[in-house]
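J.: Protein sequences appear in the order of chains A and B. Residues 1 to 531, numbered by my numbering, are exactly what the first sequence covers, in order. Residues 1 to 241, numbered by my numbering, are exactly what the second sequence covers, in order.
Check the hints yourself; a few may be wrong.
[Claimed, not checked] No farther apart than 35 Å at their CA atoms in a straight line, the calculated lysine-lysine pairs in the DSBU-like style are these: (1) A:453 to A:469; (2) A:118 to B:118; (3) B:74 to A:423; (4) B:17 to A:315; (5) A:256 to B:17; (6) A:256 to A:423; (7) A:412 to A:423; (8) A:416 to A:462; (9) A:475 to B:4; (10) A:303 to B:17; (11) B:142 to A:315; (12) B:118 to A:171; (13) A:256 to A:171; (14) A:315 to B:4; (15) A:171 to B:17.
Everything labelled a hint here was simulated from the structure, so no lab data went into it. Values in this document were obtained by computation on a predicted structure and should not be read as measured data.
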Amino acid sequence: MYDVLIIGNGGAGLSAAISLHNRGFDVAIVSKTNATASQTSQAQGGINAVLGTNEDSVQHHINDTIKSANNLGSVESIIMMCEEAFDTIKWLDTLGVPFSRDENNNIAQRQMGGASNKRACYSADYTGLKILHTLYDTALALGITFIDDSMLLNLIIEEDEVKGITALDIKTSEVKQILCSTTILASGGYGGVYHNFSTNSSATTSDGIISAYNAGVKLENMEFVQFHPTALKDKFILISESARGEGGYLVTKDEKRFVDELLPRDIVAREIYKKQLNNEEVFLDIRHLGLEKILHLMPQEYKLCEQFTGLKMDKDLIPIIPASHYTMGGIKVKSSSSTNINLLYAIGECSSNGVHGANRLGGNSLLEIITFGKKLGDTLCISDTPISNKIYEQFLQDKSMIEEEFTKTSKKDFYKLRDNLGKLMYENVGLFKNEKNLNEALEIVKEYKNDFKNISCTDKSKVYNTNLKELLEFKNMVICAEIIIRSALNRCESRGAHFRSDYQDTLEDFEKNTIISYENAQLNIRLEDVK
Amino acid sequence: MLNKIIVCEKEYSIDEKIANILDVLVHIKTTQNNSLTFKYGCKSGVCGSCAVVIDGVEQLACISSIKNETTDIKPLRNLEVIRDLVVDDSNLEVKLVQAKASLEEYTDVTVSQNDVDKIDLQSNCILCNSCYSSCPVYEVNKDFIGPFALARAYRYINDNKEANTKEKYDAIQTNGIWDCTLCGACSLVCPANIDIKNDIMKLQNLSVQNGYENPAFSSSGDDMFGGFDSGADFGFNPNGF
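Next up, chain B with everything else stripped away, as it sits in the complex (with noise of 0.2 Å):
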């Protein structure tokens, strides 16, 4: 029996026997259509390199299975293709530069397990994209921090060997955590199971707790947003505050 494997845009018929999906791409490049452009590296979803959109939802290849007769295969979504399933990542550099994602001034302080606990799923990230790909927010505004850059500011916000989350706070209120529309469409597809938005309320209530105002709430009435009333949000969010 042969499968419909999809593929930007192009038709594959490929044995059923081949179920992973990464081994399904190798094999069209090495037997089909050697022209076929996509990346990918450690084979067992740690390295972040395969990440593709299968059936409209972002996942790894390498961890991925054929689940229907018919697959259909597209690059990420929000970043600009290069080539075939290859998209422009230059926005991990730009976006961990952006929301001062590192460890800025280390402090000498006891740690217990219990402390590494709330750093470790979202130290599990590997900039994998799949959440840009997914968000949209960003599909509308490139300037916004995005979701993986900003778990990992909470990530580092989080750690009590930081000293200085003074600048952390600073980075991220400005196209940051209050442009979220708390949608979650990030936690669902993250590959290292990070729930996302999760972690972006918690930025809210955080900057709240030190200060910091929502911009949505400011009373000058002249921010970006106009304001609580003024419309121009991402629409109504029953999560939101």
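Just chain A, with the same shape it has in the complex (with noise of 0.2 Å):
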């Protein structure tokens, strides 16, 4: 039993551990990964935060975060992470995160796109890598407590307050309740559910998301997922947008540029997207920039993408295709993080608390799950209830569940169907949306979940079981998909990262939030004016 329960260890959750614990909290994190192998090691890029050490100001920062959003993001959240940023940069630095420095021995910033100054500060290109271990090695030597290997399962919820969850330990195979006065998630997105066309880790295959929205917890702006316009083609594999920024090219086959390189991330992916949709290829040029250059900016991709093409990005162009990259969407929050289940608390990619909107500007989501994360850390109340010792009925039924996969027969490949998904959600419910195509992957997502009852692993060992582990991730993705789809069929205009091309126009009337509740065994979805 302990003060607080977080579930994630990427940059959100440690964030909050370490200042719950520095407030005396009993502390324990729990993760179905290694503690550094979160999302948030990916992040290469920067974090965005006005240090005064230029022509920049908060309100240019606010301003264009404003903008991002396309009108569906809070003003109070955006203005808080914005105002807070400074002290962010400067509790990272403390802890020890080494900021690359400019030529004054500041804190060096970089631009990026979207926005008005040079605000991104970062570490060579390893900026969340460097930010994720410097926060691991503090609370290590705060002491916190990690359970590893321990997928999330279900929330334990009582009379509209959480107790705790249930988790499956993935060493064992054996399913334990965790309990806790306050549960806080922070295990990341749902860009995994675009299986194989996503640039995300494996992991990220909406396991907090999913277990809040069947425990009741409402969920926001699900349809809004950010496709990023350069992966590695066949890879998915990221090259930042650094490459672009420095006045790398996108050209066709005859080395024919086609669009201006700067624009917006969702409109440079379109605009690649309908090349593609024309069965011709897209690749990145970047050879005038010269092998010297390159390596001095960009080294990370430079190494990438000859490790996985072979190709030299000084001599060769490189094939590159839009894939999933982050998702705007997540649980419903308010500034404080506060979720409508009493004692619950999201935090990080896996919440929505109106600090992107419809699309997320670069370099705010580091900052986001660092400054949201510290504050609940900061500011949380505990609640002084005692944590009753007693058996939920939420664990013996998780119990039995897994107990019965053991069990059952397989009938369908389940790995089969993962794959299929993955490509119905990046052509159907990917760049251009329309609402036959939203349609048709509703209808076959249907038939996934009614596959449910037909599908199990067919390892059957107790031991380190991934095939369950991955059985399990499977049927969270499935209704996650149905979510986004459901979300986008309601969403009849095209704005920031969601784009229908049956309706193109931005509308008044959908100024509006989409709220996505389960209730009476029913998905329900509502339009909610923005606060």
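Two independent chains are provided; combine them into the complex using the hints.
T.: Written as structure tokens, this is what we have:
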């Protein structure tokens, strides 16, 4: 039993854990992955903040973020995040994050898409990795408990209050209940639903979001999925925005440019996808930058490109493709990160607190996870109700659900269904959506849901059963896919990352948040005014 | 054409078009053997989950390719195998705590890019455990603090924002820097190209400069290695001191 249980060991979870521990609370972090394997490790570009060392201002940062959010963001959350950004960077600096420096020994900042100034602080092109590992080192030194290899199954809710979670111990296949006073979900996004078509880690399977949804927690704006224009073709490895920012071109096979490369991500991604639909390949061309500059600006990318394709960025055209990259929607929370269930909070990519609205600004995701994580840790009020030690019904249900998987015969191969789901989501619920394609996808996803009774793990060993883990992940992905599709069908307009080819205009009537809830065993969707 | 892949001594035939080792493992798991057990995550060499031994050398599966008609894939060495390619990596927490690898006391000093460059490479470590798998000292002495934790200790000792390095030096003297044979196996396998052996040598030099002593040269003669001539070392090492 813990004061606070945090699900997810990425930047958001670790920041909250450190702050809570420093306030004297007993904190444990539960995760299905290793402590430093979270999605945060893949963030390259930087973390936005106005440091007062150039002509930038907090108001500019606020304005840029609001603009990117396309009128769907929460102004209150945006102002809070931008105003606290300086303190966030200072805090990370004091923990030891080795931020790159400029010639005046100030923290160096670079320009990112959509920003009116050089605003993104960075650590070479490993910003997320270095932040993550510094937070981990700090958490370990403080003695924070890590419960790894444990996959969240369900929230334990009683009388509209969360009492803890049930989790699958992957090492033993045992189900356990972990009880606490307060629960924080920091479990990452849902980009992995676009299986094989995403730059995200294989772990981003929406587990936290779906367990919250199943427990009656409201979700928000799940139709907003950001696609990155430049992933390596066939591999879906990210080539960061800096490649275009530094003067790279996007060209067709005959080396002709076809789009202003510096337009926002979603527009560039759609232009590339149009070519793809015409069976035309698209390439990134940065040969003119020269080897020296390429190695200085993007050493990681140069290495990855060579490793995965055998191509050299200074000599070859690099085939690229847009890929699902970041998910704006998630668990609906207030600016305090509280959900509609008592004592349950959500932070990081799994949450929707309104800072990104219809589209995320580059450099704001790292800022969001650290700022909201730390802020929640600094301000959270812990319930003083004693934790009951009883066996909850949810635990018994989940225990028998897992036991059943060990006796059930699988009649269908869920790995095939998972591949099909990823392709379906990319093609029908991707950069261009329309009613026909969305409805077609919805029908197929419903079939997958019906197939839940026919699929199981074929590996019946209880020791580190990744087949079972992937089965449970797949089920979450399917439920999440249905939510994304239904949300996208309901939004008959185009806004930010959501583009409907049958409703291409941005409409005032839809200047509203999509609210999704699971009530009376049904998915309910409605629009709610932006506050 | 088919390539032969041996994973944990079991043979599979895989279309040669699938060249990436992680793709091969995923292909086997999803089409031939659902029970094959391994970990992976980012697919781009930064999450540290998929380190395995490929043809005798520690590598990240996600950034390695098939190079021969037959490829042998085994779990990391020196760590208890839980199942197939998954090993018990609880040493990560234990060793980092043992090495006191964190910023303990922040001091507000001017930091230049030159200062950052000194710890840049070491702070790229992804905790993949390849170095522990390759380490002959860790193989025989599980109390050895070991490569990545020492590299990380060096990263914080060398960080000019750290005001309190005394405890860090103290932490790495026993079962630490002096137990390393400086064989360099860790440096060879590090996917982040960290020259860990070199960092450990630097820690030895810095320790001496700060008044610490190599126990092998200790005059008392009753330390655990029994002095310089005891022969209880891990063999003669020309790079050693």
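J.: Honestly, which of those hints from before does the structure not fit?
T.: Numbers 11, 12 and 13, in rising order.
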